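A.B. asks: Sequence:
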Amino acid sequence: MRNLVVLGGSSHPEFTEKICNRLGISEGKTRLTKFSNNETSVEMKESVREQDVYIIQSACGNVNDNFIELLIMINGCKIASAKRITAVIPYFPYSRQPDVPFKQSGAPLTFLPPQTPPYQPNQPNKVDDVSSQLLRKLGQASVEEQKKESAPYREWRARPGVLIADLLTCAGADHIITMDLHDAQYPGFFDCPVDNLTSLYTAINYIRLNIPDYSEAVIVSPDAGGAKRATSIAEKLCMDFALVHKERHKVHSQKKESMLVGDVRGRNCILIDDITDTSYTITKAARLLREKGACKIYALVSHAILSADAVNHIDQSAIDELIVSNSVPQTQHMTHPKIKVFDVTSLFSEAIRRTHFGESLSKLFEEA
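Heads up, the sequence shown is in the UniProt record's numbering, so the first residue is 1 and it goes up one at a time.
Please keep in mind that the hints were generated in silico from the structure rather than gathered at the bench. Check before you lean on any hint, since a few could be wrong.
Unchecked claim - Keeping only pairs whose Cα atoms sit at most 20 Å apart, straight-line, the calculated SDA-like set for lysine to any residue is:
id, residue 1, residue 2
1, K83, C192
2, K83, H175
3, K284, A310
4, K78, D191
5, K284, L260
6, K296, L260
7, K45, L4
8, K34, V63
9, K296, R267
Stated by the list, open to error - Simulated DEER-style distance windows between Cβ atoms:
id, residue 1, residue 2, range
10, D263, D65, 43 to 53 Å
11, R208, S258, 24 to 34 Å
12, S307, T231, 25 to 35 Å
A quick note: this is a predicted structure, and the numbers were derived from the prediction, not measured. Where is the CB? At the ideal position from N, CA and C, for every residue including glycine.
Turn these sequences into a full structure, and let the hints guide you.
C.D. replies: This is the structure in structure tokens:
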């Protein structure tokens, strides 16, 4: 392909290699190193002037280092007069942190207004008295709120969504291609086009080809947040659906209890989620399904980070098979008996090809 350059960061070289092989081109030459103080160094080994450049970097491993490396590569191509620069980010960094601060209960952070001082017949309220009482109430409300919280600013977290978008666009990115964003509001943070691809149909094809008697199984969402994705798969495969719901029985209690909405007794189950990091959510859901009489339990996840002791948790859990994409490196898990990997490089390579030739990406959001 003429005027097309694909560059790969250091986070997922196998992903870049597979995409280049599918496109029938050689990977662009770069030299990615670090100085003795761990600063990132990027050298472009070939010209990208007036080229359509695609830089592939996933949010895995040392996430912050890899993100800075991506920014430097984008900026380097911008300075080198690239015609267009597209950041291809299979798993998007900081996508699990919403841009609006929320309480643990899920409600937006708000403060109740102070109550108006009550009317007292024997002591008429003057304007000055009412004002002073309101000010005193405001002060008391502020002090009481701080007393309730052991760490007053714990709930007020930074808002990285807009920041990450601004860093990418300021570095010089003209276009973003990613997959299965955890938070649907992220594309709205960008001033450039964002194509959020979906692994939905790749997952559906995997279920059809690799799970015996899949039509008799039940699609299960491990939480309410993933219900939309799970129901989409259930509808397209004409399968039953169940949901693991978390609820609190006491108003001020932070402890959540899980309950299953749906019947799974004597049936195979397929848990659907977009991200698993520590694997706590899916292993807890799998245990509940087993308690409710489920037979074989599959878990299908778009982005499997599997940090810390996640793999050990999977081993000891009720999950019989964990199916993940290769949006982050899975080489060390390929030989694990419980973990299966499905390839999404065909999705990204086709998105790159269509973008390069100015074709529509709508076909990638339709069932094959």
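A.B. asks: Please go over all the hints and tell whether each is borne out by the structure.
C.D. replies: Hint check:
no., hint, in the structure
1, K83 <-> C192, "holds (15 Å)"
2, K83 <-> H175, "holds (12 Å)"
3, K284 <-> A310, "holds (12 Å)"
4, K78 <-> D191, "holds (17 Å)"
5, K284 <-> L260, "holds (12 Å)"
6, K296 <-> L260, "holds (17 Å)"
7, K45 <-> L4, "holds (15 Å)"
8, K34 <-> V63, "holds (15 Å)"
9, K296 <-> R267, "holds (7 Å)"
10, D263 <-> D65: 43 to 53 Å, "holds (47 Å)"
11, R208 <-> S258: 24 to 34 Å, "holds (29 Å)"
12, S307 <-> T231: 25 to 35 Å, "holds (28 Å)"
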